[in-house]
Every structure is written in C-alpha cells, then in structure tokens.
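Trainee: Here is what each chain is made of, one letter per residue.
Number of protein chains: 2
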Amino acid sequence: MKISADLAKLLDGENGLVAVVVQEDESNEVLMLAWMNREALEKTLESHKATYWSRSRNELWVKGATSGNTQEVVSASVDCDGDAILLRVHQKGVACHTGTHSCFLNEIEISE
Amino acid sequence: MKISADLAKLLDGENGLVAVVVQEDESNEVLMLAWMNREALEKTLESHKATYWSRSRNELWVKGATSGNTQEVVSASVDCDGDAILLRVHQKGVACHTGTHSCFLNEIEISE
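Chains as they are written, first to last, in this note's numbering: chain A, 1 to 112; chain B, 1 to 112.
Pulled out of the complex, with its shape left as it was, chain A reads as follows (with noise of 0.2 Å):
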C-alpha cells in the first residue's frame, strides 16, 4: 500500500484511525463519513469493497455485508495534511442504515 507519509503517522499512531468521506461517482452526493484504520485501508484497497472501522463496536466492518447494500471503489485519495479520505464509490442500493441514500439527512437552520 502506497501512501504519504501523514497519513502512514496517522495510521501508526495511538488513535490509529482517519476519517473517509464517502462520496457516490455517478452523482457526486456525499453519502456518509466512516473511519478507517490500517487494515481497513488495506483491504478497502485490495477487496474495492469500502471496508471501514466501527467506533462503536470495534470491529471492521465490511460495507452491506449485512444489508447487501455494498460499496465498490472507484478511486481513493489523501488531503493535504494526509488526516483524511475521500472515497469515490458505486453505491448499491441506499448508504444510510435508515434507509435514504444518503447519511446527510437533518438539515440545520441557517440564520437569515
């Protein structure tokens, strides 16, 4: 696995996790925000199935392993300051476990 030095630190590290904005290639909509640790990284790379790490449970955790509704990657990049993801996907069927497409759901009001 080829990646940046930022983010081999961030992997390696005590907390050991980065955040992956998921984002659908077709229609460009941001579907969710998941973490990923080393070893999801790796076989998200390997599998092109998005494989993240669940905060909650502490286990990986493979994308619609449960619910069928997998991710395959398209393409896969680092920011700047190597602490972030962008993962580009094919989205099958809906990202959010409450059934919308997409995670984003609850709109917050803006002041006028």
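Don't take every hint at face value.
Examples of chain B residues toward chain A, derived with CB under 8 Å [unchecked claim]:
{"#": "1", "residue": "28"}
{"#": "2", "residue": "32"}
{"#": "3", "residue": "58"}
{"#": "4", "residue": "60"}
{"#": "5", "residue": "62"}
{"#": "6", "residue": "94"}
No lab work stands behind these hints, which were simulated from the structure alone. Where is the CB? At the ideal position from N, CA and C, for every residue including glycine.
Using the hints, position chain B against chain A.
Mentor: Just chain B now, with coordinates in the frame of chain A:
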C-alpha cells in the same frame, strides 16, 4: 441554534468536536474535511462564513480570513448518528493552502 440531541451531546462532550465535510455547491466537489466546536458552528450559522476549530493551533479559524479564500455557507446538514456535518459552500478562490482547488489531491493506488 436548533440541532439534534445527538449533535448537542457530541459538542458538549469531552472532545467537543464534530467532523465537517465541505462540499462546493456549484460543482459538488468535496473541498476539505475540517472540525467545528459549538462556537465555530454557531458563528458559521450566524455569519454564513465557514468557521472551524483548528486542532493544531487550538483556536477558532474563519476560513479565508488571511488568504481571502472564504466559504459562504449555502446549507448545512447533520448525519444520521449526529457526529458529522455536511456543509455546502460557495468557495472564493481555492480551498487548499497548497493552492489547489480541493485538499484531496493525493490519489491512493488501488490494486488491480
């Protein structure tokens, strides 16, 4: 500020930071990932100028205050579990301090 109970709990918690995905409204390009505390979110919603919490400098940071590359907020939404925000913005100039439009500039190689 009307926000969900989940998000309020996060912002009032020990860490007190929420991850913010910043997407350009016109192009749907994902520009950057940043962090907000409660004050940053309040200032953002009131001023319509994206304001973040710098984890490295430990201070509030109005995006573009120095560079002029401000982000005018179009809409904001929270995800299903209340621990991430999607901010849609009009980006003035470039988003990245390296001079690129988006901060996600380093492609990661995917296995064939």
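Trainee: Against this structure, judge whether each hint is valid.
Mentor: Quick rundown of the hints versus the structure:
1. 28: 4 Å, holds
2. 32: 7 Å, holds
3. 58: Residue 58(B) check fails; min Cβ-Cβ to chain A is 16 Å, beyond 8 Å.
4. 60: Nearest chain A Cβ about 18 Å off; hint violated.
5. 62: 16 Å, violated
6. 94: 11 Å, violated
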